[in-house]
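First to last, the protein sequences are chains U and P.
In this text, residue positions in the first sequence follow the working numbering: the first is 69, and each later residue adds one.
In this text, residue positions in the second sequence follow the working numbering: the first is 69, and each later residue adds one.
It should be emphasised that the hints constitute simulated quantities derived from the structure, not laboratory data.
As the list makes no split between identical chains, a pair holds if one copy fits it or if it spans any two.
DSSO-like mimics (lysine-lysine), calculated; alpha carbons at most 27 Å apart, straight line: (1) Lys-332 to Lys-205; (2) Lys-101 to Lys-551; (3) Lys-584 to Lys-570; (4) Lys-352 to Lys-214; (5) Lys-427 to Lys-352; (6) Lys-279 to Lys-291; (7) Lys-584 to Lys-563; (8) Lys-563 to Lys-165; (9) Lys-214 to Lys-257; (10) Lys-257 to Lys-85; (11) Lys-570 to Lys-165; (12) Lys-332 to Lys-413; (13) Lys-428 to Lys-267; (14) Lys-551 to Lys-165; (15) Lys-307 to Lys-279; (16) Lys-165 to Lys-138.
Chain by chain, the residues:
Number of protein chains: 2
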Amino acid sequence: MSAIFKNRVRNKILLNKLVENPLEIVKTHFRDKQHIGFSGFTGIGGPKVIPNALCEYTRHHHLNMPGSEKQMRFNLYVGASCGVEEDKMALENMILKRTPHQVGKQIRKRINSGDTLFFDKNLSLFPQELLYGFYNKDLTLPDPNKTDALPSNVLDIAVIEATGIDEDGGIILGPSVGATPEFLAGASKIIIEVNTTIKEMKGLHDLVLQKNPPYRQPLNYTKVDQRLGSEKLYIDLNKVVAVVESQIEDHIPDNTPADENSAKIASHLITFFKNEVKHNRMPKNLLPLQSGIGNVANSVIGGLANSGFKNLQVFTEVFQDSFLDLFANGSLDVASSTSIRLTPKGMSRLSQNWDSWSKKIILRPQTVSNNPELIRRLGCIAMNTPVEVDIYGHANSTCVLGSKMLNGIGGSREFLTSAKYSIMHTISTRPTPTDPYGITSIVPFVSHVDQTEHDIDAFVTEQGLADLRGLAPRERALEIINKCAHPVYRPILLKYFNDSIKRCNGKMHEPHDLHKCFEMYFNLEERGSMRAFKKTDEKLH
Amino acid sequence: MSAIFKNRVRNKILLNKLVENPLEIVKTHFRDKQHIGFSGFTGIGGPKVIPNALCEYTRHHHLNMPGSEKQMRFNLYVGASCGVEEDKMALENMILKRTPHQVGKQIRKRINSGDTLFFDKNLSLFPQELLYGFYNKDLTLPDPNKTDALPSNVLDIAVIEATGIDEDGGIILGPSVGATPEFLAGASKIIIEVNTTIKEMKGLHDLVLQKNPPYRQPLNYTKVDQRLGSEKLYIDLNKVVAVVESQIEDHIPDNTPADENSAKIASHLITFFKNEVKHNRMPKNLLPLQSGIGNVANSVIGGLANSGFKNLQVFTEVFQDSFLDLFANGSLDVASSTSIRLTPKGMSRLSQNWDSWSKKIILRPQTVSNNPELIRRLGCIAMNTPVEVDIYGHANSTCVLGSKMLNGIGGSREFLTSAKYSIMHTISTRPTPTDPYGITSIVPFVSHVDQTEHDIDAFVTEQGLADLRGLAPRERALEIINKCAHPVYRPILLKYFNDSIKRCNGKMHEPHDLHKCFEMYFNLEERGSMRAFKKTDEKLH
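With the rest of the complex left out, here is chain U (with noise of 0.2 Å):
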């Protein structure tokens, strides 16, 4: 035991758990097919020691393997996605089933193999299902005629990465929150890593737990910066069967920088943000923003930071890097989100800014950072990225050609459906190896919908931000194809548009030839581009 763990488990119930080799605790408490709940949302604070020793564990006794009948599989939920160690697992076929998100090379290689199930899941949605029973419906849960009480069987084990805990046992959680009030309520068995390399993050969160129906309260928050749970999460201490530490850190890559298109992608929306302040249909801090992770999400904040608008007030699910830049220069009041997300470079500049940043940051658990009752009173901007979108203004978030899973729906869609200004953002094209421009982001028709015509109010390229609010399906294919869809792309779309409109006689609603809306994909698969590329055709541009 670390002078340094000792210090930070100040309760002598728990401090009598430690259990210092953790196969010990494999052996004892993981059995095949159990239902395993992890801590840890995008990477971020997630167990480490446990799933290690369970990797060892099964490489050692040789299960899992091919005709072998020696099996540890496991029903597996984490908030959103755990960090490699859940990779790890995949990768010795670990994870029987999988909900409701996930990243990384070996478990997403599993899901499209089809060794592992996987469903997606909104975000905010997922641990309340988890706690009606809904994934396990063998179990009997108490009697909602006589309790409110949640159920305490809904998963076997739960495991999750801590920071510190307090004399009176209250837990206090790390860089993010996710599912883990959740997971400990409704757990037989419950596994705590002490992370003892981070800073003990007394302060940051705000929890709260809500009961199942008919017994549910309403999420009283009417500002960001309110706080109205608790900051160290109270269990039932008779669950906890170990307690580790850990010393194992996080590892989030870099961020690639902003390039060109991100930039301009910015640029419409900052326009669009001005003419909407312009004409007082927000007011001049703008609504708490909501930005999804990834390269131009990254850009669209770093470019409100150089835009001059002040006191603005981020709502979202990931607090990541670009947010610090708007810390540095004061235009960000308060961030609520419910993990951080920082490179091992921001999270140095937020330690160095420790004391005057962390105040403005409150960690939230995934039922409320994402919880549409929220997002719909607080009139969230909702910016997310898709992979492709349709003429009539359905996304893809989530299967490639329809069939191939990337991540899950995560937190977008509660987002874009409640959200006041629900805007996804994508380059318009992206090269294959024979054409630079062989896959476009605007289809005829989306291989896989998870954002409906019904959600989205704008979608933005390089090319320009098409305005969807008012219009109707005809109206919103024109305004999509001439202000986002790269210019190589508009004549084909148009002529899928116009040569629909004549086959739709009678039915010109939202005209389309479903014998030829997926054309594209067949020209993507047959000829390595969407726009049925010639090498003639490459001196035109």
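Model the placement of chain P on the given structure of chain U, informed by the hints.
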């Protein structure tokens, strides 16, 4: 002025605004391309005198004729759908643009012929987007940096039906609320039709008008029978330009009697509910019920009336005849909706029991009745009928063959996205002229997506109930095909599924063959049956 009218309009200022000749109102206030709001929801409580006068005026002056420059066409907003009067306007081609939902032969025809632009919107979101100024972007709104006032210029005219006006100027609405509160707040001019043929419905309404963000407050309902709003609507009386008497009744057609198949669907659902209660996933009195419109929905409620459940609660958008049976046998404690859509028979039944039954009915604005915040908190059981669903659980609620608009998304999306139990139900097949099973409700890939795989917990046909909770896409496909598809389509759907798996090496999350996923529609188009029906097959069934 009739005696009863004078008795109903007890406010002197408004009584003085009586205009006897509605054509005068039309001539004075209505102009081409205005933004007009009509009260009404599901064909109930809409204005009648003014729409009829608008039609007369249009016909008389030969407006909107092909090639003519003389136009009188409107951007028309109705909470959901108006009655026959709107259809008369559609016949005169008076509707330039329409949102968020419509029902009627003529209006649908205009939309699908391309004469009328239509966009369907989630019903609780629509009135709020109108007050955001999203549908008329040239306007400048009140400065949100200085005031929480809602704009009063987003509509040129609101025309609403009322059943009375109190001395204090409070408007007593009739059998629907819909978007009337937002229309009256957002209009420059107001015209009130006081309908003297129906009962003055004082005491039925619970009216809340929310502010725009950043001023919006929680909807603090935690129970269906809570009343947090006012009984009457208070408006700026200066905006009222005319009050007229209406003696025209609403026309609701009789319901089709329940058939064997819809009774089977009801029975599957009741078995499902009983199992949920058994496992304590629901209390004995279930959770607040939302039920769509139509034959199947009616059957389900009818089935509930005979299944021994007590103390039921309804939180829905439309109160229909079938609920009266629940009142009659004492099993329904309270019904919240935004419209009482009763057949003449149902209305007279309610009238006979008015004193006891009306106390259990609460009419709310559609921003409340359909609000995701409340649907999620109360944990509703949402049940709606789609056009079709696909094997992975996506549903089409609006566009036949991807293009032809039926009625619009209505409340189905907000309820299904937010409910604890999101259920869709439909008959598994429908006949075509040449095949008694020519159309299947379960297809490989829906031709339009309104509800996604992330929304639906259970799907029910007369064949059975598919419980999709916690299932990954490939599991869902088998559950839906085996439990819900009609036996004549099961092998065809299974073949599609298995062939797609073979095709989707490395993209096995949601296997599809985009070359073949729409083949059933082509069969229908070319051969009159989705199963490529040939005469010789007929003997088999």
